[in-house]
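Same order as they appear, the protein sequences are chains B and S.
Mapped onto the working numbering, the consecutive letters of the first sequence carry residue numbers 1 to 294.
Mapped onto the working numbering, the consecutive letters of the second sequence carry residue numbers 1001 to 1473.
Derived by calculation from the structure, the hints in this document are not laboratory data.
Do not rely on the hints blindly, as some may be mistaken.
[As the list claims (entries may be wrong)] For lysine-lysine, the following DSBU-like pairs were computed, each having C-alpha atoms within a straight-line distance of at most 30 Å:
| hint | chain 1 | residue 1 | chain 2 | residue 2 |
| --- | --- | --- | --- | --- |
| 1 | S | Lys1142 | B | Lys42 |
| 2 | B | Lys138 | S | Lys1317 |
| 3 | S | Lys1464 | B | Lys62 |
| 4 | B | Lys225 | S | Lys1083 |
| 5 | B | Lys42 | S | Lys1363 |
| 6 | B | Lys144 | B | Lys123 |
| 7 | S | Lys1066 | S | Lys1028 |
| 8 | B | Lys62 | S | Lys1467 |
| 9 | B | Lys42 | S | Lys1464 |
| 10 | S | Lys1317 | B | Lys144 |
| 11 | B | Lys123 | S | Lys1317 |
| 12 | B | Lys42 | S | Lys1083 |
| 13 | B | Lys138 | S | Lys1207 |
| 14 | S | Lys1363 | S | Lys1027 |
| 15 | S | Lys1363 | B | Lys44 |
| 16 | B | Lys225 | S | Lys1080 |
| 17 | S | Lys1083 | B | Lys62 |
| 18 | B | Lys225 | S | Lys1464 |
| 19 | S | Lys1464 | B | Lys44 |
| 20 | S | Lys1361 | S | Lys1119 |
| 21 | S | Lys1080 | S | Lys1061 |
[Said to hold, decoys possible] Taking beta-carbon pairs under 7 Å as the criterion, some of the chain S residues facing chain B (in silico):
| hint | residue |
| --- | --- |
| 22 | Arg1108 |
| 23 | Thr1220 |
| 24 | Gly1221 |
| 25 | His1222 |
| 26 | Leu1282 |
| 27 | Ala1431 |
| 28 | Ala1432 |
| 29 | Pro1439 |
| 30 | Leu1469 |
We treat Cβ as the ideally placed atom computed from N, Cα and C, and that holds for glycine.
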Amino acid sequence: MNSSKTAWLLLSPTIVILIIVGLLPFLYVLYVGFFNWMPLGKNKEMEFINFGYNYRELVFDKFFIDSVWRSIRFAIVTLALELTLGFLLALSLLSSFPLKAFFRSVHTLPLVIAPIVVGAIFKLFLVQGLGPIPFLAKELFGFKLNYMSSEAQAFWTIVVMDVWHWTPFVTLTLLAGLSALPQDPYESAKIDGANNFQIFIYITIPMLVPVLIVVIFIRMMDSLKIVDEVWMLTAGGPGYSTRFTGIHIWKEVFEKRTYGYGSAMSVLYLYITIVICWILYSVMVSRGKANEDE
Amino acid sequence: MKKLLIALLVSTFSFSAMADGHAEWWKKAGAPYAGTVIQGVAENTPPGQFAGEVLAKDFEKLTGIKVQLENTSWDQMYDKAIKDMEANSGIYDFVYIEQDIVYSYLDRDFLVNITQSLKDQPELVAPMVNMDDFTTFIDYFKDGSGDVFGMPMEAFVKVYLYRKDLFGAADAKSGFQKKYGYPLAPATSFAQWRDNAEFFTGYCAEKGMECWGTTVQGHTGHPASTYEFLESIGPSFGLYNWGVTDDFHSCVEGGGSLNGARAKAALTFWTSMLEFAPPESLQSTWSEVASTFAAGRAAQGWVYGENAAWIASNEEKSVVVGNVGVMQPPTAPGVMTQAAAGEGYIGYFDGGAYGIPHSSKNKEATLLWLQYIAQSEVQADWAVAGARITHYSTYDDPKVAAMDQIADGYFTLMQNTGYLYAGAPMYPFHAAGRAAIDPFTYAALAGEMSPSDALDGACEALDKVMKDLGYQN
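My request is simple: use the sequences and hints to build the entire structure.
Structure follows, in structure tokens:
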């Protein structure tokens, strides 16, 4: 048996599983998206409308469009904060300081907590009358923190929760990247008289681009499809303020039982996510190449 | 006295003999299914806990059929039950059917016809079950021909609870009289409710007590808030059946009343109560409201009746034992007259039943279980534990009468005035309609929209759902 055949043979169980749990459900969702299928309606049967009807409706669906913008805004804000904090922490962890190992372990703990549990923890900390954070906010700063009473508070509470949960991932990944960077360019730059800032901008960042692309990609995709933590903490409220697209789709599909429309929503959102990531990828790769040329 | 003792002994003996006879029947009927495990999913409420922890075990001892009841949160319960029935996977042999969802389930043909199943299998019919003993609440679980699709396991009304200790405090009485010019008393009007709420918020703050003037079931991310508005506050202001017309219009322009004057007055009143409600109110569903009241954090409020008994009697969970007052909630002018005439209702008559999905793999064993919980003789302890009554005879039981005294006449109120309350309207699109209204309720509670704008938006959203689903022409 040649190596190619062996490779396919070894890969085949994974490919079969991926087809069953990934590709087939996706094709089914794509298929259902062309139908009008509302089991709570008078007509409960799947009814083919036409290929574009649900998608055309979606383009003019204010609530869906708003949820997409909300998700994008959330992804950009959290990504910026997580990258900044993660980078600073990774740079800090490169140097030595007392209790470094302890700090690194504690800092990494949020990563091992399931998202739904993170939501529950924040809920317990923030619940009025019981949670310590609203109490301390009021006692120490006179600030009335009630995240379910304000759109802004709800949004930023979720941002803080996401940053707390996922910054360690960014830190660890960047730390691994920074640790693996070759030392020669740094030595050459120092001999040439470059200061620390110039070294960071012209040496560290360009060499770290492949790692940054991976981090930004993963975090961007995760942020765009956030559901669990938000579901536990605010369930999309108050009003529509934290109804990110994942939650919006869940509510359409499982509360209103609009299967056809909900499926179209899922497919369109997947497309939007891919486009965003592709644009991001193209920009970063072209910037990386430009830096290399310089 | 001697005669009374003899009568008591005779009745106890007769009951024991009858119970032994019943035990024999259950053993015999359960024998073919001994070892079977039937799986159910229900909401985690006091009546549900009693069913899972007490009745299920008694049933297993008699029949050898094991009942595994998964009592979980309201939304998880629906999610699991509906997905199971839609996929026809047969994970659950019985599911909780809340009164408001039964029309969707019947419309989608999820449930086994219990009446027909028992007719087809007479050997499974438990002779000691008297279906005529069920209160009229069972009618919610019947189809047009009177066949039963769900065995009622809880029924209760949403009542006005108040703290007798606070309302009876001498300094509170004098302070209230001085400030408002009339005596302090539990609310019989919404103006009085507001005054009470404002007064006790200030009174508690002055005394350094962690309590506020009223409860509000105002979670801004959970349907519980929409339900409190549509099922309790709205009806008491004269907003019935969500303000939806017979031809499925909810906006005033289409003849509906969801954004009408009464609805707007109701939402304005309710949201204005947040000023006097505990800070956790915007995160409170029905369970948290009961906990808030039991923790002594509210002087008065709307509380689901299923919690009345434990709040009034369980010293481990409640700090207001012995101080719980129960009354009918206030109503706007004209509402009581309409309710008495059967043209409206003053509040929510809630409850649920256990039904068997078509996908169940153990229908026969489950039919026995449902009949076991339908026996009149298991009802009294259940009523004491969960403040629910589904059988006429339960009201006369001495245990229930004793609890009635502790719970300030809650059962008597339910027996005498239950007809003034109503369940949810018969909308197959219930969940979808409510989901359309939710964001507007949340926004009004959070102060992001005025009550008027919120209801204008809510009725438009509800009309769109009814139109999309094919109900509205």
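Taken at face value, is the distance from the CA of B/Lys44 to the CA of S/Lys1464 at most 30 Å? holds, 17 Å
Given a cut of 7 Å on the nearest C-beta pair, is the interface hint for S/Leu1469 held or broken against chain B? Hint holds; S/Leu1469 Cβ to chain B Cβ min 4 Å, cut 7 Å.
Please work out if B/Lys144 and B/Lys123 have their alpha carbons no farther apart than 30 Å. holds, 16 Å
Any CB of chain B closer than 7 Å to the CB of S/Ala1431? holds, 6 Å
Should the hint that S/Thr1220 touches chain B count as held when the rule is a Cβ pair under 7 Å? holds, 3 Å
Against the 30 Å threshold, does the CA-CA distance of B/Lys225 and S/Lys1464 hold or violate the hint? With a Cα-Cα distance of about 27 Å, the restraint between B/Lys225 and S/Lys1464 holds, given a limit of 30 Å.
With the threshold set at 30 Å, check whether the alpha-carbon distance from S/Lys1142 to B/Lys42 stays at or below it. holds, 20 Å
Satisfaction of hint between S/Lys1207 and B/Lys138, Cα-Cα up to 30 Å: holds, 20 Å
Pair hint S/Lys1361 and S/Lys1119, alpha-carbon separation not exceeding 30 Å: holds, 19 Å
Given the hint that B/Lys42 pairs with S/Lys1083, does the C-alpha gap stay at or below 30 Å? holds, 20 Å
Regarding the pair S/Lys1363 and B/Lys44, is the alpha-carbon distance no greater than 30 Å? holds, 26 Å
Within a Cα-Cα threshold of 30 Å, do B/Lys123 and S/Lys1317 meet the stated pairing? Distance of about 22 Å is within 30 Å: holds.
Of the hints listed earlier, there is not a single one the structure fails to meet.
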